[in-house]
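S.K.: Just so you know, the sequences run in chain order A and B.
First residue of the first sequence: 3, per the numbering used here; consecutive thereafter.
First residue of the second sequence: 954, per the numbering used here; consecutive thereafter.
No lab work stands behind these hints, which were simulated from the structure alone.
One or more of the hints may lead you astray.
As the list claims (entries may be wrong) - Chain A regions said to be covered by chain B (calculated; three or more residues, Cβ under 8 Å):
| no. | stretch |
| --- | --- |
| 1 | 291–303 |
| 2 | 375–384 |
| 3 | 403–415 |
All residues carry an ideal CB built from backbone N, CA and C; glycine is no exception.
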Amino acid sequence: MNWTLAVPELVLTCAGLAILLFGVLRRQDSTLLATMFTIGAFLVTGLLVATRVDGFGFNGQFVTDAFATFNKELILLGGALALILALDWNRSQGIARFEYPVLVLFATVGMMVMVSASNLMTLYLGLELQSLALYVLAAFARDNLRSSEAGLKYFVLSGLASGLLLYGISLVYGFSGTMDFQTLHQTLMTPTAAPPGLIVGIVFILVGLSFKISAVPFHMWTPDVYEGAPTPVTVFFATGPKVAAMALLLRVMGTSFAELVPAWQSLIVLMSIASMVLGSFAAIGQRNIKRLMAYSSIGHMGYALIGLAVGSSDGVRGVLVYMTVYVLMTAGMFACIMSMKRSGRPVEQIADLSGLATTDPGLAMAISVFMFSLAGIPLMAGFFAKLYIFLAAVKGGLYTLAVIGVLTSVVGAFYYIRVIKVMYFDPPAEAFDRRPPALSFIVAATGLFTAFFFLFPAPVVDAAELASRVLFR
Amino acid sequence: MNAAGFPILSIITWLPLVGCVIIMSVRGDEATVASNARWTALWTSLLVLAVSLVLWVKFDPREPGFQFNESVSWLPHYRIAYKMGVDGISVLFVLLSTILTPICILASWESIRVRVREFMLSFLVLETMLVGMFCAADFVVFYMFFEGVLIPMYLIIGIWGGPRRVYAAVKFFLYTLAGSVLMLLALIAMWLHAGTTDISVLMDTHFPVQMQNWLFFALMASFAVKVPMWPVHTWLPDAHVEAPTAGSVILAGVLLKMGAYGFLRFSVPMLPDASQTFAPLIFTLSVIAVIYTSAVALAQEDMKKLIAYSSVAHMGIVTIGIFTFNEQGVQGALFQMLSHGIVSSALFLVVGVIYDRIHTRDIVRYGGLADRMPAYALVFMTFTMATMGLPATSGFVGEFLVIIGAAQINFWLALLGGMGMILGTAYMLYLYRRIIFGTITHADLRNILDLNPREWAVFAPLIVLTLWMGIYPSSFTGFFDESVAAMVQHHHAAVASTVRLAQGMTH
């Protein structure tokens, strides 16, 4: 029982309970304070995570290693960004409640447990803790029909996915007699030890997790939830949970089922191709920028899955770099979307950006940076993310996947540069409202990261390299 | 440290960005900002030109390899470094870029009236990308600059272009991006095979023949679009017609050279066997380009479109020259690239002059300009002769050398390639006759003004260069003699060794 390994999670949970109590007991509105405490708790947790000791805790159910640390920091970063972005927005939309930071906090705890799971049971616990908080968050603007619809839709579909996952877990347990990742890995060393029932179980687990990262064909919920949920919640959906689910997928496939790569590789390849193709083609027809970002995220998950399909630690490194860049540029882009307000009301159509280069050159430049980066044009961070993924794919011999990947990225570029076209080439529309300083700050910080990542890629890449060595050993 | 004593290539590459920072920091009303932006951009580009002239003086033409080398550790784990260096093949293109940029800025002094600041920023960023691309001595660095060119050029066409600018800009962007991403995969494959992306090491790496074939097509997808070769040239007329004058100038002058430069820098030296195998394919496409697009040019009603099609034809000559793999052919190709960079840029400027006055590019709207604009007629005549390849102009030397080179390969290749010169004469003289000669039939042409001092300043250096290159070509060929000789030798040695290997296996 080495419970000290879970200190960051424990601290964060206690902080969450304390903030909840504080919010309930304090008579007046305490949203701001609760948010600040939560960000503080994230900071402390981040530091605790950074000073980790490697090892297994709770009888092998819980693991801390470089891989977990990398992803936890990324998740905490995504959570903190979502909180800062929510402050002004929730107040102006009349949904400022102290429960928001608390829910984000508990979802984050769930994600951290997911990342550290070393047992199918821990995996499920973390996933459910995260999901329960996310259901409520999606429907946080409860008087808004679209938000309630998003919450319900996410709840029903996610419940289905959890059911499938649980069924897969029970199948794996039934056919192998263990739920522990390490034991599974050792049992499956001899290929004959993989009965068909176990393979079916793996497929179910894959399906359950693919739902969480919204890979095609389990992506149906994404555009509706992205569009319906309040935008800060969408930011949160697009960052932390994606990282956590991707990390979980990597962990499960990279440890317990690492010896069965041929068995699941073709599935991942298919999902990856389908996600990239659908993500790029379906986005062309979108008029709403939040829906556009939803399809874009589907496509990006397709690229990240290439790294998993390779089934090597090079691939894992690619995925980790990809997720890091993805989180920052997506958060930045959503911060820009949140700046799109006219007389207090948020606007979401791409056409609303018309002529932004004249009315607000700074914002237009930031959006162009994010768009070029999402399209993977060199010098922007998004290019390096794709570079490491394709590097792994070519090294792993998945040439077809790589060629399809680069070609869909050209199709994707079409709709990204269309946004730039609207901003720079079209006649100016009415200017947006003044941005709150917090938004400007996040746009500037993430924009600078995205634009100047090429100057100092080494720290991120080295950390990812270190983290990736844990898997596919 | 290098021959210049300071990191000259990085300075030329990044100096324009300093100008960008200055332009961005200007505050005030629109007129102040516009005027400041113009002058800052001009001075920055002139300063870059001045610094780049150090290359002209200090470059050692006897040394075939890279000079002025710089290397900074960038991604040590993957053995990728920020490496800069120029050899005989690239040094003149750096100079071409630095000469054309101030000319473009000067040419858009009055014709660009909206968002001047953004225009100048785009142009300076474009200069950084172009110079960086020609200076790169590492494949990854090259790729970054190569793709980076797309961003400013997309904006230049899309914001300041003509009526169908959005269509043209998006077409330009997607065509070139589709080509480049395949090059990215080739880059990764070569990187994994050789373990490094240093260009000089890659040149000495032998890739398996089967792999070379795939790599060749991946690289060709990218370079053929940029050259542009038939049948992927269709983006060029659209982009040229819609782009503002300065955009067309830099597009014709430097961007079109990126593809041919890529063939020379990567395909031919790194993939010798595949280049040898697929040379007939390239010849076929080039000959079709020369004859077909020349014929198309004859039928054009729009001046810019005509010159755009003539560019495709001239670049067809260049690709023929590169794939002859003999010294005359390759030297001719290089010379033709430089000459085309000067002459076709000048022709777009020539069109720009009357477009600024009358605001139309329809050939039928002109006629009889010789009467009102004698100086203009002279300048136009000079460049018309140069593009036709008249001896004593720059156009002659390149085409002549290429045809000599091609004749060593195949008589028909030389003959059909040479057809380009005849057809070129036809469409250029036809164009010149319709615009300059005849009687003035349109009322607005009666009061048209001749060249003003600013326009003289734009054309003077180009005329000097055109004649200099035509009358005394050695001062230019001297730069790349050694590099080309080394490249050709290296190519034949590599092919011979593969043949020996194959024979060894059959015995």
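S.K.: For each hint, tell me whether it holds in the structure or not.
M.R.: For each hint, the structure was consulted:
1. 291–303: violated (count 0)
2. 375–384: Since 3 is at least three, the answer is holds.
3. 403–415: holds (count 7)
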